[in-house]
Amino acid sequence: MASAQSLEIVRRGEEIYSQRLRAELEKTHWGYFVTIEPDSGDYYLGRRMEEATAAARRAHPEKLTYTGRVGFPTAFEIGFCP
Amino acid sequence: MINGRVDDYGRALVSVKVRHPVSAAVINLDAWIDTGFTGLLFLTQAQIATLGLSKSSTVQGGLADGSVVAFDTYPCQIDWFGRRVHLEAMETPGRFALIGVQLLEDCTLAIDYPARTLTITAQTAPPSSP
Chain A
1 MASAQSLEIV RRGEEIYSQR LRAELEKTHW GYFVTIEPDS GDYYLGRRME
51 EATAAARRAH PEKLTYTGRV GFPTAFEIGF CP
Chain B
1 MINGRVDDYG RALVSVKVRH PVSAAVINLD AWIDTGFTGL LFLTQAQIAT
51 LGLSKSSTVQ GGLADGSVVA FDTYPCQIDW FGRRVHLEAM ETPGRFALIG
101 VQLLEDCTLA IDYPARTLTI TAQTAPPSSP
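Same order as they appear, the protein sequences are chains A and B. Numbering of the first sequence is given in the working numbering, commencing with residue 1 and proceeding in unit increments. Numbering of the second sequence is given in the working numbering, commencing with residue 1 and proceeding in unit increments.
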């Protein structure tokens, strides 16, 4: 599973999303993927996940990011329990 | 059309080619069609290491038992209906690569269990690359 570093990226990304982005994006971009760079707070949207992550990589090539889906509790559903 | 097979465990498998997005690294692998997975592709830790993929992002996925788990993602390419599709593969701790329904969203999937064969037919062009 994800490392402690990744879990911290998730925590910070979720915090930025819930405090700064959720209210607006759920009105305007329901169902889009949103990739957040936690240090800057910059975010990138795409109808497909790779669109959002590619835009984030172009702007912040050395940074790890968090990706969620606007209006959904998780980016994906996974039908297994590892 | 992509042809696959059903193995002795009843797993629906297709052989696909996955590539590093920049280098020439490429692997051929059997991927398990998982209609319970709403994303595109899971790769195993060994496959990610073989390709030398770099971590890009982290997502959360909801599991069948209701729990939420974080997964790292890695940009890569998959050969899909004659095109190279850019995507973010998620890392699975499991033994099999998984193909999810997002990769199949413009396809018809037919599994013939008695004959142990499957076919994937594209209805439209595969997803465009960013």
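Hints are computed from structural coordinates only; laboratory data are not their basis. In this text, all values refer to a predicted model and were calculated from it rather than measured experimentally. Keep in mind that a hint or two might mislead.
[What the hints assert, rightly or not] Computed Cβ-Cβ distance ranges for the label pairs, DEER-style: (1) A:A4 to B:A46: 18 to 24 Å; (2) A:K27 to B:A115: 47 to 53 Å; (3) A:G79 to B:D79: 23 to 29 Å.
[Stated by the list, open to error] No more than 30 Å apart at the CA atoms, straight line, and that leaves these computed lysine-lysine pairs for DSSO-like: (4) B:K55 to A:K63; (5) A:K63 to A:K27; (6) B:K17 to A:K27; (7) B:K55 to B:K17.
[As the list claims (entries may be wrong)] Sample of chain B residues facing chain A (criterion: CB under 7 Å; computed from the structure): (8) M1; (9) F37; (10) T50; (11) G52; (12) V59; (13) Q60; (14) G61; (15) G62; (16) V68; (17) A70; (18) H86; (19) E88; (20) D112.
Where a beta carbon is used, it is the ideal one built from N, C-alpha and C, also for glycine.
Going through the hints against the structure:
The beta-carbon spacing between A:A4 and B:A46, approximately 22 Å, falls within the hinted interval of 18 to 24 Å. The hinted range of 47 to 53 Å is satisfied by A:K27 and B:A115, whose Cβ atoms lie roughly 50 Å apart. One distance hint, 23 to 29 Å for the beta-carbon pair A:G79 and B:D79, holds here, with the actual separation near 25 Å. Distance check on the hinted pair: B:K55 and A:K63 sit about 10 Å apart at the alpha-carbon level, within 30 Å; holds.
With a C-alpha separation of about 28 Å, the suggested pair A:K63 and A:K27 falls inside the 30 Å cut-off, and the hint holds. Between B:K17 and A:K27 the CA atoms are separated by roughly 39 Å; this puts the pair beyond 30 Å, and the hint is violated. With a C-alpha separation of about 20 Å, the suggested pairing of B:K55 with B:K17 holds against the 30 Å cut-off. Of the supplied interface hints, the one on B:M1 is violated, with its beta-carbon coming no nearer than about 24 Å to a beta-carbon of chain A, more than 7 Å.
With a cut of 7 Å, the hint placing B:F37 at the interface with chain A holds, because the nearest CB-to-CB distance is about 5 Å. Using the Cβ-Cβ criterion of 7 Å, the hint placing B:T50 at the interface with chain A is not satisfied: the shortest such distance is roughly 20 Å. Checking B:G52 against chain A: minimum C-beta separation of about 16 Å lies over 7 Å; hint violated. Contact between B:V59 and chain A, as hinted, is supported at the beta carbon level, the nearest pair being about 4 Å apart and thus within 7 Å.
With 7 Å as the threshold, the beta carbon of B:Q60 comes within range of chain A, its nearest partner Cβ sitting at about 4 Å, so the hint holds. The criterion of a C-beta within 7 Å of any C-beta in chain A is met by B:G61, whose closest approach is roughly 4 Å, and the hint holds. This hint holds: B:G62 has a C-beta 4 Å from the nearest C-beta of chain A, less than the 7 Å allowed. Hint status for B:V68 relative to chain A: holds, with the closest Cβ pair at about 6 Å, below 7 Å.
A least Cβ separation of about 4 Å between B:A70 and chain A falls short of the 7 Å threshold, and the interface hint therefore holds. Below 7 Å, beta-carbon pairs count as interface contacts, and B:H86 has one with chain A at about 5 Å; its hint therefore holds. A hinted interface residue such as B:E88 counts as satisfied when its beta carbon comes closer than 7 Å to some beta carbon of chain A; here the least separation is about 5 Å, so the hint holds. Taking 7 Å as the C-beta cut-off, the interface hint given for B:D112 is violated, the closest approach to chain A being about 22 Å.
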